[in-house]
Amino acid sequence: MTDAYPNPWNFHNTDSILVSPDHLHKAVYYNLNEIAMGAPIGGPCFLETSDGKKVKIHDWCGGPPAWETDSRLIAIPVWTRNLLKGTVQQIGLVDTGSLELTLFAETFRVLHICSFSKTIIYGFDSPIYETIPVTFDIEKEAVDTVIRLTE
Numbered sequence: 000m001t002d003a004y005p006n007p008w009n010f011h012n013t014d015s016i017l018v019s020p021d022h023l024h025k026a027v028y029y030n031l032n033e034i035a036m037g038a039p040i041g042g043p044c045f046l047e048t049s050d051g052k053k054v055k056i057h058d059w060c061g062g063p064p065a066w067e068t069d070s071r072l073i074a075i076p077v078w079t080r081n082l083l084k085g086t087v088q089q090i091g092l093v094d095t096g097s098l099e100l101t102l103f104a105e106t107f108r109v110l111h112i113c114s115f116s117k118t119i120i121y122g123f124d125s126p127i128y129e130t131i132p133v134t135f136d137i138e139k140e141a142v143d144t145v146i147r148l149t150e
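Okay, so the sequence shown: first residue is 0 according to numbering that gives the first Met the number 0, each after it adds one.
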């Protein structure tokens, strides 16, 4: 396991990284469990606003997420099952204005998102085994699906 904190195996709702830079939104996880023995954790994640509104992002998110510096977008790992690859992750992008979740087509083994600047998400795929740096431009990558989030 990686020693960096927070990481896909160890993060908590009290971590400041879950709060948007403008302090108006927060990603909050519920019922986090290992996806398999010794594997990273995942569970339902919600977007909570400073005025108490709560919107479900997805039933099976990983973490930790990263906020874009203007607080409008949050990049979050989303677990999914793929017929050919098994359990994998996709990058989910939540727009706090339109309340839409964009899932990108590219899949990852274990995604550790480290930062999000302008249109680029930086991180690592598989941070403890055969690590691959990730530089992901949200304007150039293929979109799998867009989901309208509801309050």
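The reader is advised that the hints may include incorrect statements.
[Claimed, not checked] Below, simulated DSBU-like cross-link-like pairs (lysine-lysine); rule was C-alpha separation at most 30 Å, straight line:
no.	residue 1	residue 2
1	Lys84	Lys55
2	Lys139	Lys25
3	Lys117	Lys52
4	Lys117	Lys139
5	Lys52	Lys84
6	Lys25	Lys53
7	Lys117	Lys53
[Unchecked claim] Restraint-style ranges between C-beta atoms, simulated for each label pair:
no.	residue 1	residue 2	range
8	Val54	Asp14	18 to 26 Å
9	Lys55	Asp14	26 to 34 Å
10	Glu33	Glu138	17 to 25 Å
11	Tyr128	Gly96	17 to 25 Å
12	Thr79	Lys53	36 to 44 Å
13	Asp136	Ser97	17 to 25 Å
14	Asn12	Thr149	30 to 38 Å
Treat the hints as calculated values from the structure; they're not laboratory data. Model, not experiment: these values are computed from the prediction. For glycine and all other residues, C-beta sits at the position ideal for the given N, C-alpha and C.
Against the structure, the hints come out as follows:
1. Lys84 - Lys55: The given pair, whose Cα atoms are some 26 Å apart, holds under the 30 Å limit.
2. Lys139 - Lys25: Given that 30 Å is the threshold and the Cα spacing comes to 27 Å, the pair holds.
3. Lys117 - Lys52: Satisfied, since the Cα-Cα distance of roughly 26 Å is no more than 30 Å.
4. Lys117 - Lys139: Within the cut-off at roughly 13 Å; holds.
5. Lys52 - Lys84: 36 Å, violated
6. Lys25 - Lys53: 10 Å, holds
7. Lys117 - Lys53: Roughly 25 Å separates the two Cα atoms, so the pair holds.
8. Val54 - Asp14: 18 to 26 Å: Given about 20 Å between the Cβ atoms, the range holds.
9. Lys55 - Asp14: 26 to 34 Å: 20 Å, violated
10. Glu33 - Glu138: 17 to 25 Å: 34 Å, violated
11. Tyr128 - Gly96: 17 to 25 Å: Between Tyr128 and Gly96, where Cβ atoms are some 37 Å apart, the hint is violated.
12. Thr79 - Lys53: 36 to 44 Å: At 23 Å between Cβs, range violated.
13. Asp136 - Ser97: 17 to 25 Å: 20 Å, holds
14. Asn12 - Thr149: 30 to 38 Å: 22 Å, violated
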